[in-house]
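Based on the provided sequences and hints, a complete structural model is requested.
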Amino acid sequence: MSDITALGVQPAERVFARSRFPLHIAVFLAPALVIYTVFSIYPLVDTIRLSFYSGDETGARHFSGLSNFYTLLTDPAWSGHFWNALKNNLIFFSIHMVVQNGIGLGLAMLLSLPRLTGGSVYRTLLFLPTMLSVVIIGFIWQLMLNPLWGIAEKILDAVGLGSFFGPWLGQESTALITVSLISVWQFVGIPMMLIYAALLNIPDDLLDAATVDGAGPFSVFWFVRLPLILPTLGVVSILTFVANFNAFDLIYAVKGALAGPNFSTDILGTFFYRTFFGYQLQVGSPTMGATVATAMLIIILIGVLIYLFGVQRRLQRHTF
Amino acid sequence: MRPLHAKNLVRRAGQMLATVSVAAAAMAFANVAGAQTLTIESWRNDDADVWNSQIIPAFNKKYPNIKVQFKADPPTEYNAALNARLTGGTAGDLITCRPFDASLDLFKKGQLLPVNDVQGIENFSDVAKSAWSTDDGKTTFCMPMASVIHGFIYNKPIFDELKLTPPKTVSEFHAVLDKIKAHGKYTPIAMGTADQWEAATMGLQNIGVNYWKGEEGRKALIDGKQKFTDPAYVQTFAELASWAPYMGKGYQAQKYPDTQNLFALGRAAIYPGGSWDVPIFRKQADFEFDAFAPPVPDGASKCYISDHTDIALGINAKSKSVEAAKTFLSWIASSDFADIYANSLPGFFPLSKEKVTVKDPVAAKFVGWRATCDSSIRNSYQILSRGTPNLENELWNVSAQVLNGTMKPEEAAKKAEDGLASWYAPHKK
Numbered sequence: 001m002s003d004i005t006a007l008g009v010q011p012a013e014r015v016f017a018r019s020r021f022p023l024h025i026a027v028f029l030a031p032a033l034v035i036y037t038v039f040s041i042y043p044l045v046d047t048i049r050l051s052f053y054s055g056d057e058t059g060a061r062h063f064s065g066l067s068n069f070y071t072l073l074t075d076p077a078w079s080g081h082f083w084n085a086l087k088n089n090l091i092f093f094s095i096h097m098v099v100q101n102g103i104g105l106g107l108a109m110l111l112s113l114p115r116l117t118g119g120s121v122y123r124t125l126l127f128l129p130t131m132l133s134v135v136i137i138g139f140i141w142q143l144m145l146n147p148l149w150g151i152a153e154k155i156l157d158a159v160g161l162g163s164f165f166g167p168w169l170g171q172e173s174t175a176l177i178t179v180s181l182i183s184v185w186q187f188v189g190i191p192m193m194l195i196y197a198a199l200l201n202i203p204d205d206l207l208d209a210a211t212v213d214g215a216g217p218f219s220v221f222w223f224v225r226l227p228l229i230l231p232t233l234g235v236v237s238i239l240t241f242v243a244n245f246n247a248f249d250l251i252y253a254v255k256g257a258l259a260g261p262n263f264s265t266d267i268l269g270t271f272f273y274r275t276f277f278g279y280q281l282q283v284g285s286p287t288m289g290a291t292v293a294t295a296m297l298i299i300i301l302i303g304v305l306i307y308l309f310g311v312q313r314r315l316q317r318h319t320f
Numbered sequence: 001m002r003p004l005h006a007k008n009l010v011r012r013a014g015q016m017l018a019t020v021s022v023a024a025a026a027m028a029f030a031n032v033a034g035a036q037t038l039t040i041e042s043w044r045n046d047d048a049d050v051w052n053s054q055i056i057p058a059f060n061k062k063y064p065n066i067k068v069q070f071k072a073d074p075p076t077e078y079n080a081a082l083n084a085r086l087t088g089g090t091a092g093d094l095i096t097c098r099p100f101d102a103s104l105d106l107f108k109k110g111q112l113l114p115v116n117d118v119q120g121i122e123n124f125s126d127v128a129k130s131a132w133s134t135d136d137g138k139t140t141f142c143m144p145m146a147s148v149i150h151g152f153i154y155n156k157p158i159f160d161e162l163k164l165t166p167p168k169t170v171s172e173f174h175a176v177l178d179k180i181k182a183h184g185k186y187t188p189i190a191m192g193t194a195d196q197w198e199a200a201t202m203g204l205q206n207i208g209v210n211y212w213k214g215e216e217g218r219k220a221l222i223d224g225k226q227k228f229t230d231p232a233y234v235q236t237f238a239e240l241a242s243w244a245p246y247m248g249k250g251y252q253a254q255k256y257p258d259t260q261n262l263f264a265l266g267r268a269a270i271y272p273g274g275s276w277d278v279p280i281f282r283k284q285a286d287f288e289f290d291a292f293a294p295p296v297p298d299g300a301s302k303c304y305i306s307d308h309t310d311i312a313l314g315i316n317a318k319s320k321s322v323e324a325a326k327t328f329l330s331w332i333a334s335s336d337f338a339d340i341y342a343n344s345l346p347g348f349f350p351l352s353k354e355k356v357t358v359k360d361p362v363a364a365k366f367v368g369w370r371a372t373c374d375s376s377i378r379n380s381y382q383i384l385s386r387g388t389p390n391l392e393n394e395l396w397n398v399s400a401q402v403l404n405g406t407m408k409p410e411e412a413a414k415k416a417e418d419g420l421a422s423w424y425a426p427h428k429k
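Taken in sequence, the protein lines are chains X and V.
Quick note: the first sequence uses full-length UniProt numbering, first residue 1, plus one each step.
Quick note: the second sequence uses full-length UniProt numbering, first residue 1, plus one each step.
The hints are simulated quantities; they were obtained by calculation from the structure and are not laboratory data.
Positions of the beta carbon are idealized from the N, C-alpha and C atoms, including for glycine.
Just so you know, not all the hints are guaranteed correct.
[To be verified] Sample of chain X residues at the chain V side, in silico, Cβ under 7 Å:
| hint | residue |
| --- | --- |
| 1 | S54 |
| 2 | T58 |
| 3 | L73 |
| 4 | A77 |
| 5 | L169 |
| 6 | E172 |
| 7 | L258 |
| 8 | G260 |
| 9 | N262 |
Put into C-alpha cells, the structure is as follows:
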C-alpha cells in the first residue's frame, strides 16, 4: 500500500519541474492528429503511392513510375473518357456556381427581409432536401420526370407547356443539365444558410446610414451588402468546387456507373468508380483507379490554390 | 484513496476482458465443433426469397449440420462489392460466379479454389463448364448452376384481341408491330435505353444470334475471322434500330423496372427479354403471357437462340469451412437441386445432364427451343471483354445509341470494331 500513498502525495512542483515539454499540447492535439492521420492522410498518401504501380493478372504489383499517368492522358481508350469526364465536371460545376449559388443568394436576401413572416418555416423547408438521402432524391426525381408515369409532363400540360416535355434524363443533350439541376435543388440550402448568416451579421446601422444617404434598395445591395458578404461567397464557391469535383452519388443513383447516354453524364467520380471497382464485365484496376483519384486530387488542389492565392488573400474582411 | 480506486478499476477491467476473450474463444470453438455456417455471395437479390424458403431448407434436410446464409447485392453493384470484400478478406464462403472473365480473374488472383475434385462436377458437359474454366479447359473453378435463354414474351390477350399470331420471321415480326402500332392502344415493344444493358442484352444479343449464326459467328469473332463491321453485325444493329418507332414514349429515359411495369400492367404487347423475367411476371402480371423465339431473318432455314451460361457457384479460397462448401457444391450438382431450382425459379435452367422437368409452361417453352434451335452464348463474354475499352460496355453504349437514334448502325459497328481492334491482336489485321 505504501507505493500507492507515495504516488498520491507526490508534490505538485516536482511534476512541473520534470516535464519541460508542453505535454498538454501533444495531448490535446493527439485525438485529431491520430484520427486525421489514420483516416485521411495515410489513405491519401497510399493512394498516390498506388498510382505509381501497375498490377498483372495474378494480382501482383510492381513499380511502374508515371506510366499510369501517361496512359491516362495519352491512350485514346483512357484519355477520351478522362477529358470527357473533366469537361462534364466543369459543366456540372458551372451550373452549380450560377444556378445553385445564385438562387441561394436570392433566397438568403428574401429570408433576411425585415418584415418576413414565417421565415423560419421557409428556411427549414428549403434546407430539408439537403438532409435527404441522395438515393431518395434520385428516386423521387426519376419518378417525377418519368415519361411513362411521371407528373412533370402533366404539370407542364396544365400550364400549356406540355410540348416542351421530353425524356430529359435520357437524352444526350439534356441529361447532364437535368442531373445538375436535381443536385442544385438538393443542395441549394447550404449556400442559402451560409449567406443568410453573413447577411445577419451586417449591422443595421450601416444599412440605415446608406438609406439616409439616399441609396435605394438596389444600391444598398450592390454597394453595401454584397461587398460585406464577399468572403462568405468565396467560401461558398470553394465548397461548391470541392463538392462538385468529388461528386459521384447522385449520378450513380440516377444514371448508373456507365453514366449514359453515351457517357454524357460521366463525371470524374463515376469515371473513377468504373476504373477502380470495374463494371459488369470490366474488371476493376486498383492501380489505374488510384491514378484517376490522384488526378482528381491534383485538379482539386489546383482549383483550391487558385482560390487561395488569387482570391482569398485579396478579400477584405470587415469586423464590426 | 483515489489511486487505489483507479487501480482496482483497471484490474477489474482486465478481468472482464479476460472473461470476455475466454468466452469468445469458447464460442468460436463451439462453432467449429457444432454447426458450420456458409455464407453465399450473390447478385440475385430477386431470388433471396426462394433461397431462404426453398433451396436452403431442402439442403438442410439432407445436411442439418451446415447452416447456409444467402447474402445478395444488387446486380450492378455485385462485382465491385465482391471484389472489395474478397480483397479485404470479408467475403462469404461461397461466391456466385459471373460467367467467363470476371470469375477467371478471381481464380487467377487465387481468390477461388479449383472444383475439379468436387463430387458432381462430372454431371456437366464441357460447354456448361466452359464459362468457368481456364482457357486450356483443364481447371474448372465454379460449379455451373444455370443458364438463361433470350426470347420475346408477349401479352396473349392483346394478341388475341388484335388477332395476331406469334411471328416466326423478321418480316412477320414487323407486320405484327405495325398492326399493334396502328391499333394505337398498346405500346408495341416494351423496352427502354436508360439502363443501356437492356438495349445490348435484350436487344442485340437476343436477336443477333440469328444473324451471326450462333456459335459459328461467336467463334469467328474470337478468331478474328469475322469483324463487327461485317454485314451480319451491321444488319443486327439495323434491325435493332428499326425498333425505335415501336417503343414507348420517352423510352430514352425508361429504365428496366419501368419496362417490366409497362408490360406487367398490360400496356405493352411484346417484351424482348429473357427467361429470367418469367418468375417476375408470374408474380406481377394478372394476364396470360407466352413467348416466341427470336424471329429469323427472311429466308434463313435454321434458328439460333442465346442460351447463356449465367450462374455458377465457387469457393472462396479464404473460406474457413472448405469441406462444408464442397458438400454444398456437390449438392448443387445433384438432380435434387436442379429440380427445385428449375421449378422454384422458372426461367433459370439447370446446366447439369440430369433430366429435369420444367413445370412452368412459358419457361418450358423457352427451354424447348433447345431442341429446335442451336444454342449459343453472348458473343462479348468470352475473351473479348478482357481489354480496354471493354467490349461489353461498348456494346451497351452503341446499342442504346442506335435505338436513341444518335448513331447509325454502321457507326455503331465501326465503334465496336475499332475498340476491339485497339487491343485484341486477332482483330488488328
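Hint numbers not upheld by this structure, sorted from lowest to highest: Violated hints: 1 and 3; rest satisfied.
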